[in-house]
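Okay, here's what each chain looks like letter by letter:
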Amino acid sequence: MDTTQLVKGVLDLAVLAVVADEDGYGYDVVRRLRAAGLEDVGDASVYGTLRRLYAAGALTSYVVPSDEGPHRKYYGINAEGRATLERQGKTWRSFAGVMDALLETAGEVA
Amino acid sequence: MSAMTEKITQDIERDGADGEPGGGGGVSAEVAAYVGLVRTALRDLPPEDVEDLTGGLEADLSELAAETEEPLIARLGEPSAYAAELRSAAGFPPPGPPPAEPRQSWWRRMSSGSSARWLRWRAEHPWLEQARPVWWVLRGAVLAYVLFAFLGAQPRLLILVLGAVLSFWAGLHQDQWDGWRAGMRKAANVAAAVMLLPVLAALVGGRGSAPDYVEVVSQEGVSVEGERPASFFVYDADGQRVDGARIFTDQGTALTVSPWDSYDGTGPEPAQSQVDTFPVVTGSLDGWNGWGPDGWTPPVAIPPAFPIDPADEATTDPSTGEPTESVTAEVPEEPTSPPTPEPTTEPTGTAAP
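Respectively, the protein sequence lines represent chains W and G. Residues 5 to 114 (our numbering) make up the first sequence, in order. Residues 3 to 355 (our numbering) make up the second sequence, in order.
Hints are not guaranteed to be accurate.
From chain W, some residues computed to sit far from chain G (all C-beta separations above 10 angstroms) [as the list claims (entries may be wrong)]: (1) Thr-7; (2) Leu-10; (3) Asp-27; (4) Gly-30; (5) Asp-47; (6) Gly-52; (7) Thr-53; (8) Thr-64; (9) Val-67; (10) Glu-72; (11) Arg-76; (12) Lys-77; (13) Ala-83; (14) Glu-90; (15) Gly-111.
Label-pair distances were calculated between CB atoms; the ranges are [unchecked claim]: (16) G:Thr-70 / W:Val-14: 23 to 31 angstroms; (17) W:Thr-95 / G:Trp-109: 14 to 22 angstroms; (18) W:Glu-108 / G:Gly-79: 37 to 45 angstroms.
It is worth saying that the hints were derived from the structure and are not from the lab. Yeah, the Cβ is synthetic: ideal placement off N, Cα and C, and Gly gets one too.
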């Protein structure tokens with residue numbers, strides 16, 4: 005099953021979860037998502053999602069200048085982001101539970 | 003890929019000059035170009051949003067580029083596709099049609115394009131400016147010629163000059179024209195340009211075809227009631243045929259006709275272009291017969307011009323009896339001579355008036 009479409013649906017939740025663990029810049033978030041197992045996540049999708057969550061007020065953003073290179077733009081989670089994470093996390097868990105149960109039933113039949 | 007590389011190279015220079023906020027030192031040309039192209043693809047968005055979306059991208063892509071030998075394009079895809087993904091993930095609408103230019107008809111676009119080319123061309127060739135009056139004159143003459151030829155009249159020199167003068171006058175004022183007069187000017191220029199060569203060809207070649215109208219007057223020979231006689235038949239005072247007659251005008255000009263007018267295609271072709279002895283003998287015609295169904299067959303003799311005076315007759319009776327006899331003597335001679343040249347076309351006996 006192509007996970008690209010699945011990832012799209014839960015990318016907000018995944019990004020919030022990663023950033024909630026620790027502040028991060030765009031590529032750092034991408035890398036952590038991939039390390040967690042979401043191999044199919046697209047770089048630009050993550051950047052766009054970060055921007056959208058920031059615009060929705062779920063993230064904070066700050067720039068860290070660098071001596072030897074261009075500045076980095078970090079994102080961190082705020083109270084609203086955490087509330088969103090909690091709410092969407094519940095939604096996901098119940099959805100995943102339904103799917104698991106569904107597949108378990110199908111497995112028994114098979 | 004090579005086109006892309008070229009584009010990237012161009013963008014490197016541009017980004018270097020811009021001094022982008024995120025573009026401090028230490029950014030590779032590849033990264034700068036890639037980010038530049040992404041920003042270009044997002045240029046329809048407000049600048050703050052573009053900065054939100056791409057801020058720090060140089061640093062991130064530099065890190066990515068440092069991790070792998072793979073080119074950024076192979077790793078991330080085309081910058082435009084990357085920008086589209088960025089845009090859609092961030093919740094921005096896809097790029098609409100380019101704002102800008104109001105809709106124009108294809109004709110307007112084409113004509114404005116061609117007039118821009120024309121302006122450029124004119125600027126590159128200053129002599130065109132000096133040549134314009136020449137064109138105005140030509141234009142007027144050509145249009146006058148076409149107009150009169152169209153009306154069926156033979157264009158005269160005066161008409162052409164008049165057209166040229168009018169056109170020249172228009173040329174002096176046409177640059178201030180707009181609206182319908184500008185349209186007229188354009189139409190006139192196009193029409194004159196199209197007709198220029200045909201008219202020139204007609205003027206030059208016209209010398210060959212003009213005789214149809216003109217040379218009736220100037221042609222050598224005589225005209226009688228609009229017809230050009232092919233021959234003359236001369237009878238003397240006694241009504242007798244005269245052979246080899248030559249006729250002169252009051253100016254001493256010899257009357258001539260073209261032997262080709264009476265040549266029927268048989269026998270030897272006429273040697274001369276003009277003949278001044280009558281009746282004309284040409285081809286198989288001996289001059290006195292065989293003028294075809296349309297022609298007149300000259301009689302052997304006609305009544306004498308002056309009735310013979312009895313007194314005169316009395317005095318010259320012994321000597322003038324002969325002419326009267328010769329008339330009657332020649333009549334029987336007629337049937338014998340025609341059969342030799344052309345028996346079939348012998349109408350002499352019956353067609354005589």
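Right, here's what the structure says about each hint:
Against chain G, the non-interface label of W:Thr-7 holds: every CB pair exceeds 10 angstroms, the least being about 16 angstroms. At roughly 15 angstroms, the least C-beta separation between W:Leu-10 and chain G is larger than 10 angstroms, which holds for a residue marked as non-interface. The non-interface label for W:Asp-27 is consistent with chain G: the shortest C-beta to C-beta separation is roughly 13 angstroms, beyond 10 angstroms. The non-interface label for W:Gly-30 is inconsistent with chain G: the shortest C-beta to C-beta separation is roughly 5 angstroms, within 10 angstroms.
Annotated as non-interface, W:Asp-47 brings its C-beta within 10 angstroms of a C-beta of chain G; the closest such distance is 6 angstroms. With 10 angstroms as the threshold on Cβ separation, the claim that W:Gly-52 sits away from chain G is violated: the shortest Cβ distance comes to roughly 3 angstroms. Consistency note on W:Thr-53: stated as away from chain G, yet its beta-carbon is not over 10 angstroms from all of that chain's, at 5 angstroms minimum. No beta-carbon of chain G is positioned within 10 angstroms of the beta-carbon of W:Thr-64; the least distance is around 13 angstroms.
Residue-level check failed: W:Val-67 sits 7 angstroms from the nearest beta carbon of chain G, not beyond 10 angstroms. The beta carbon of W:Glu-72 sits about 5 angstroms from the closest Cβ of chain G, which is not more than 10 angstroms, so the claim that it is off the interface is violated. A beta-carbon of chain G comes within 10 angstroms of the beta-carbon of W:Arg-76; the shortest separation is about 5 angstroms. At the 10 angstroms boundary, the C-beta of W:Lys-77 falls inside the reach of chain G, the nearest C-beta of that chain being 3 angstroms off.
Distance check on W:Ala-83: its Cβ is at least 21 angstroms (rounded) from any Cβ of chain G, clearing the 10 angstroms threshold; non-interface status holds. Remark: the non-interface label on W:Glu-90 is consistent with the geometry, its nearest Cβ contact in chain G lying 22 angstroms away (cut-off 10 angstroms). Every CB of chain G is more than 10 angstroms from the CB of W:Gly-111 (nearest about 35 angstroms), matching its label as outside the interface. In this structure, G:Thr-70 and W:Val-14 meet the distance hint of 23 to 31 angstroms, their C-beta atoms being roughly 27 angstroms apart.
One distance hint, 14 to 22 angstroms for the beta-carbon pair W:Thr-95 and G:Trp-109, is violated here, with the actual separation near 59 angstroms. Taking the beta carbon of each, W:Glu-108 and G:Gly-79 are about 39 angstroms apart, inside 37 to 45 angstroms as hinted.
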